[in-house]
Amino acid sequence: MSLFQTKEWWSTRIPDEEDFDENHLCVSNIDNNKQNSDRIIVGSYKGYLRIYAPKRREYKIEDLIFEQNFNEPIIQILCGYFGQNPNQIQLAILFFKKILIFECETINQQDIKLKKISQCNLPRNSYNMCQGQFGGQTRYQICIQSCDGMLIIINQDQIQSQVQLSDFLLPSSLSYNQMTDQIILQNSSYEIQAYKISNIGAVSNSDNQKKLLPDWTLNIGDQCLKILTIERENRIHDIAILTEESLYILNQQGAIRSQKYFDYPAANIIIQPYQQKYIKTSSESEKTKALQIIVSSFTNHLMIYEEFQLIWATRTDFVCFGVSLGCFEDQKGLIVGLNDQGDLQVFYLGTEQPQSQIFKEKNEGYQQTYAQIEQKYNQVFKEINNKQSSGIQEKTQINDNEQMNVVCKIQGPFTSPEYVNDVHKYFQVKGKAWCVKIQISLELKGGIKAENIQIRMNLPNNLECTQGKLPHLIEEIKGNGNSIFETFIYILKDYTPSTFKMEVLVSYNNYITGKNLEKNIKNIVQRIELPCAFQCLFCPPIKNANFKITINTNIPCENIQELFKDVSDLSENKDECFSQSNIYSFKYPNDVHTSILCSKTGDKYRIQSSSFEGIYYILMYFFKKQLNFMKIKKII
1 MSLFQTKEWW
11 STRIPDEEDF
21 DENHLCVSNI
31 DNNKQNSDRI
41 IVGSYKGYLR
51 IYAPKRREYK
61 IEDLIFEQNF
71 NEPIIQILCG
81 YFGQNPNQIQ
91 LAILFFKKIL
101 IFECETINQQ
111 DIKLKKISQC
121 NLPRNSYNMC
131 QGQFGGQTRY
141 QICIQSCDGM
151 LIIINQDQIQ
161 SQVQLSDFLL
171 PSSLSYNQMT
181 DQIILQNSSY
191 EIQAYKISNI
201 GAVSNSDNQK
211 KLLPDWTLNI
221 GDQCLKILTI
231 ERENRIHDIA
241 ILTEESLYIL
251 NQQGAIRSQK
261 YFDYPAANII
271 IQPYQQKYIK
281 TSSESEKTKA
291 LQIIVSSFTN
301 HLMIYEEFQL
311 IWATRTDFVC
321 FGVSLGCFED
331 QKGLIVGLND
341 QGDLQVFYLG
351 TEQPQSQIFK
361 EKNEGYQQTY
371 AQIEQKYNQV
381 FKEINNKQSS
391 GIQEKTQIND
401 NEQMNVVCKI
411 QGPFTSPEYV
421 NDVHKYFQVK
431 GKAWCVKIQI
441 SLELKGGIKA
451 ENIQIRMNLP
461 NNLECTQGKL
471 PHLIEEIKGN
481 GNSIFETFIY
491 ILKDYTPSTF
501 KMEVLVSYNN
511 YITGKNLEKN
521 IKNIVQRIEL
531 PCAFQCLFCP
541 PIKNANFKIT
551 INTNIPCENI
561 QELFKDVSDL
571 SENKDECFSQ
581 SNIYSFKYPN
591 DVHTSILCSK
601 TGDKYRIQSS
611 SFEGIYYILM
621 YFFKKQLNFM
631 KIKKII
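With full-length UniProt numbering, letter number 141 in the sequence shown gets 141, and the count goes up by one each step, no holes.
A few of these clues could be false.
Computed spacing ranges between beta-carbons, pair by pair [as the list claims (entries may be wrong)]: (1) V407 to N36: 48 to 56 Å; (2) V407 to Q379: 38 to 46 Å; (3) V407 to E306: 47 to 55 Å; (4) D167 to I256: 54 to 62 Å; (5) L459 to R57: 26 to 34 Å.
Distance condition first, Cα-Cα at most 25 Å in a straight line; then the derived DSS-like pairs of lysine-lysine [said to hold, decoys possible]: (6) K98 to K226; (7) K501 to K624; (8) K493 to K430; (9) K432 to K409; (10) K437 to K493.
Source of the hints: derived by calculation from the structure; they are not laboratory data. Because the structure is a prediction, the values reported are computed rather than measured. Glycine included, C-beta positions come from ideal geometry on N, C-alpha and C.
Full structure from sequences and hints, please.
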């Protein structure tokens, strides 16, 4: 979808096996530093709260300025002015049955310490929350939505009001519109509803259990992912409704102002008005601020819109479930992304989009003559030639015969000779992890040197490399020099193998001495076939199976033991495995069995397995080995 990639400014990977969603990311000046530099606050369902102070370099341990385990899942985090001091930002942490509010104190000029200022226990299991100056108060309050549809308004450590929503099945996103003093949410009928804070308080204080009615309702017919309130002007607030396939902009009365359909599944959104760019709508006589919209998608992309016109698209390294904007080291407008597995990154777009027009006149209605157009064309063409002339001369310094040779070798499979963390998650033979060794040899020929070499691997889902080995970075390789990289590949025991191929990707910069030239990034891809014995071994014959495929052939039926010789050589209990001459069973790391049955007449095979997906791997390997065997015998 996009030719452009976001540029990394700072990144880290949260090491523990934790789960995250969009409510676990918050970017704010939480320690109230004088430089107005934002911090990245990250919670998790495992109960950890981390605060980062990113800098433009590789991640270092001192970037993590706070970490604490609360020993219970964190549902959401918010930053706001919840305390007595209206100029000091506090941190609100929502758990299932309570909400805590903290102040941040800076110690040692870098690390911070959390000081609890209030705690409020909740009567129901919480789902999410929003904040605002409810009822026009100076202090921010918090509205919590429970999993069973109760709205609870918190004022520091006290429950101010609570009310049960009617006809409620599932919780939704939540937002507060300060202009109309309303809570905006979606009910189980896919309707957007607005409830006034004063009505919530009145129903909560009534003794006759009065029913809470919405001020307005709009049926959008789709599941809402996020609700945002946008302040365009002092008296104009819009409401943004994001679904997986579209974006709605509503006015304060709940009428649709505009709508945009996406051709991709949306994950999250950021909306903010331009400060000095205005538009005029057909329904309003006054101009309003134009909206800048950033949408993250499940296709690993960020889409940037001005109003609903797409002006830029860029690819990200992962799906940004949590996305926000921040200011770090006086650099405003940096984008912060968090995925569900703990990848945290600060990045920027890195370039301006090309203009669709070559010339842009100050007066758009000005008509040019052919002579003026030709004169301007010749002038621009001359400038282009002058600017490229020095670069063309220097380009001769690049060696066209430069070539990077990549040779990949596989050894094994065998039991791992190295210490393996979390060995229980890998397939084991004789109590040790089963692995293969990959040796990658790089040799540069015909060039001066190659710089910034990176080695990566594209592995199937059931395989893993030694932790911390990839990507492997090599600073440089000089001409006619070489470098060798070795690592081990392990197989996870909870997956059924689906392929016997993997890819090795090598990228590097060619060396250029010309100062006006940019370094070219070159990429090399090598495909490797893994040995069959790495992902399955022979086992005692199994006749019964749930899924079967019969293959008719005009080729003589070969001895399966000879055909899969690499597997039989490494299998244990060979006498038991080959006790029946026409049944050969294989066992995958996840204990799924697949068998090959040979007919006595020699023109049929049957491949059967306890799971349907278990047939594919042996079937593909069987075809490959049978064809190779026949080519050797020159039958085909």
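Hints and how they fare:
{"no.": "1", "hint": "V407 to N36: 48 to 56 Å", "result": "holds (53 Å)"}
{"no.": "2", "hint": "V407 to Q379: 38 to 46 Å", "result": "violated (53 Å)"}
{"no.": "3", "hint": "V407 to E306: 47 to 55 Å", "result": "holds (50 Å)"}
{"no.": "4", "hint": "D167 to I256: 54 to 62 Å", "result": "violated (23 Å)"}
{"no.": "5", "hint": "L459 to R57: 26 to 34 Å", "result": "holds (29 Å)"}
{"no.": "6", "hint": "K98 to K226", "result": "holds (23 Å)"}
{"no.": "7", "hint": "K501 to K624", "result": "holds (12 Å)"}
{"no.": "8", "hint": "K493 to K430", "result": "holds (14 Å)"}
{"no.": "9", "hint": "K432 to K409", "result": "holds (23 Å)"}
{"no.": "10", "hint": "K437 to K493", "result": "holds (18 Å)"}
Of the numbered hints given earlier, the model fails hints 2, 4; all others are met.
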